[in-house]
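S.K.: As a plain string of letters, each chain reads:
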Amino acid sequence: MIEVQHLTKRYGRFTAVEDVSFRVERGEILGFLGPNGAGKTTTMRILTGYMPATEGKAAVAGYDVFEQPIEAKRRTGYLPETPPLYPDMTVREYLTFVAKITGVPSSERRSRLQTVMDRTRITDMANRMCGKLSKGYRQRVGLAQALVHNPEVLILDEPTAGLDPKQIIETRKLIKELAGDHTIVLSTHILPEVSQTCQRVVIINKGKVVAVDTPDNLTSRLRGSESMYVQVDAGSATADAALAQVGGVTRVQRADQRDGIVGYEVESEHGRDVRRALAQTVVSNGWGLLELRPMRFSLEDVFLSLTTEDVSAMGGDAAAAATAAQTTTTEVPHA
Amino acid sequence: MRNILAIAGKELRSYFSSPIAYVIIGFFAFVFGYFYWVLLAYFVRAGMEMSPMGPQALNVNEQMIRPVLSNMTVVLLFVMPLITMRTYSEEKRSGTIELLLTAPLTDLQIIFGKFLGALALYGVMLAVTMIHMGILFLYGSPEWKPLATAYLGLLLLGGAFISLGLFISSLTKNQIVAGMVSFAVFLLFWVASWIGSVSQGGWVADTASYVSIIDHLDDFTKGVLDTKHLVYYLSFIGFGLFLTAKSVDMERWRG
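Chains A and B, in that order, give the protein sequences. Under numbering that gives the first Met the number 0, the first residue of the first sequence is numbered 0, with each subsequent residue one higher. Under numbering that gives the first Met the number 0, the first residue of the second sequence is numbered 0, with each subsequent residue one higher.
Only chain A is shown next, with the shape it has when bound in the complex (with noise of 0.2 Å):
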């Protein structure tokens, strides 16, 4: 459904996407994901004929982007990072105007406003100012511009920036649900958007991709071994070399250390469980087993691991990065 060939946009010296390239099938929902600045915007601007390349292909539905725009965009739907709202039209009449110069045919006209505001739920909202809209709003009413012409293609930039949290959960599923009749590519900075949302992910860094794959195999491709997280009460002994002995384990690492509690970062051999050998050790040595459980590595691991230059220091930035997935939420802040 959307083809991306080679593709590479230069302002002046500064390269903003080098060699892209990628596919889009039909019914599919596509994550683009990257740190602030990497090029999604530029690459989804092109995508949508907003912009041209510098070099290489992009097809949306069988038309090349450069070659036939309007066919190509006649069957793509847009919503831009801000949602592009006329602040002194209502939400009908800005909807009506869109319908109109994306070419919806006047009898039609009607019934898909009423369409489009129902699915995005601003039938409530549809005679008021677009420039009066909450955040929340504006975003759903830019949402429905960009589906007011039932487009084969549905591109999304950022589509729960700036969204309290209800809203969010609310958009990623009205997003799932439109992936049956659309095909979708969005681009978020928000990890778990993904994994939750897309079934395909495109990770980019600077301009380059550094990873097309399922989130699951995404992060599954990270776990070369497995690892576990076991915090042990050994009061004054220390339960370094016992761990280390039991069998399968290939590295006992210090993790935390509090009041004589000690967290042990614990790797073994791929497919080898060795928990209950684990719990048997500590437990026959009479220490306290407080804590037990497998350390799995998130797709922000992944994330950061493939957009961090440094991959060697990867163990330690994935620790970190595990331990703060489970205390932030959703947002990963603005850079």
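Hints in this document: simulated from the structure, not taken from any laboratory. Any given hint could be a false lead.
Stated by the list, open to error - Below, in silico cross-link-like pairs of lysine to any residue (SDA-like), each with a Cα-Cα straight-line distance of 25 Å or less:
(1) A:K131 / B:E89
(2) A:K99 / B:K227
(3) B:K227 / B:K91
Unchecked claim - Simulated DEER-style distance windows between Cβ atoms:
(4) B:W252 / A:R118: 33 to 39 Å
(5) B:G25 / A:E176: 46 to 52 Å
(6) A:I168 / B:A28: 50 to 56 Å
(7) A:E66 / B:L186: 43 to 49 Å
(8) A:Q198 / B:Y21: 48 to 54 Å
(9) B:L4 / A:R118: 24 to 30 Å
(10) A:K56 / B:E250: 18 to 24 Å
Stated by the list, open to error - Only part of the chain B face toward chain A is listed, based on derived beta-carbon distances under 10 Å:
(11) G8
(12) S16
(13) E97
(14) G133
Using N, Cα and C, we set each Cβ at its ideal position, and we do this for glycine too.
Based on these hints, arrange chain B on the given structure of chain A.
M.R.: Positioned in the frame of chain A, the structure of chain B alone reads:
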């Protein structure tokens, strides 16, 4: 064409849903009314005065309508930037330009739409002044033909201002800058006619008076429809719109 009208309609509505249209029309009508009143009073007094040759038959078109309309061209210098300054810069600032440029529209459709929208507002301004002219027909018998050519000339003059203003607005995100620069450039085109009249003949004077956007209106207000002036205004408009198209295209590449 449908797309052009959709854009034009949107432009026109945005003028009228903000105070801009009302302020501009009100200001224009007020200044026009003032000139109209002053010149009418003068005209009436001149008509009553006895000249050595007895009461003279004054020509309403020559003595009254022409000076009023010529005076209004100067007012247009101030008013037209207000109409065009927001056309592109506001869309760029608020990001709605992304909607237009990613919709299945060509750049030219957007430009023509904006041009027609602004021209329609200008048309409303002119329509208001026609009420005054109508009153002259009630109490006198002016000729309608020179009046018609004068209005055609004014429409073309306004179109020329709009096309240039559109281009200047497409260069910046800041509508105040767009307005000020438009005003300065319009003023230059007006002042060009002074150079024409000050210097004694020669190619400088000829060029200057040919370039001057207002000098070309002269024949229209006399009731003369000269293709030279028609060509001037139409090519001026065409060139302004062409520059706008180039500027929008360049903006795309620059991103």
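S.K.: Now tell me if each hint is right for this structure.
M.R.: Hints, one by one, checked against the model:
A C-alpha spacing of about 18 Å is found between K131 (chain A) and E89 (chain B), which places the hinted pair at or below 25 Å, so the restraint holds. Using a Cα cut-off of 25 Å, the hinted pair K99 (chain A) and K227 (chain B) is violated, with the two alpha carbons roughly 39 Å apart. Straight-line distance between C-alpha atoms of K227 (chain B) and K91 (chain B) comes to about 37 Å, which puts the hinted pair past the 25 Å bound. Between W252 (chain B) and R118 (chain A), the C-beta spacing of about 36 Å keeps the proposed range 33 to 39 Å intact.
Under the hint 46 to 52 Å, the C-beta atoms of G25 (chain B) and E176 (chain A), about 50 Å apart, fit the expected range. At about 54 Å, the beta-carbon gap between I168 (chain A) and A28 (chain B) stays in the expected band of 50 to 56 Å. Between E66 (chain A) and L186 (chain B) the C-beta distance comes to about 44 Å, which sits within the given range of 43 to 49 Å. Look at Q198 (chain A) against Y21 (chain B): about 53 Å separates their beta carbons, and that is inside 48 to 54 Å.
For L4 (chain B) and R118 (chain A), the Cβ-Cβ distance of about 28 Å falls inside the hinted range of 24 to 30 Å, so the restraint holds. Checked against the given bound of 18 to 24 Å, the beta carbons of K56 (chain A) and E250 (chain B), roughly 23 Å apart, stay inside it. Taken as an interface hint, G8 (chain B) checks out: its beta carbon lies about 8 Å from the nearest beta carbon of chain A, inside 10 Å. Look at S16 (chain B): its Cβ gets to within about 4 Å of chain A, closer than 10 Å, so that hint holds up.
Hint status for E97 (chain B): holds, given a least beta-carbon distance of 5 Å to chain A, under 10 Å. The interface hint given for G133 (chain B) is broken, as the beta carbon of that residue sits about 33 Å from the closest beta carbon of chain A, more than 10 Å.
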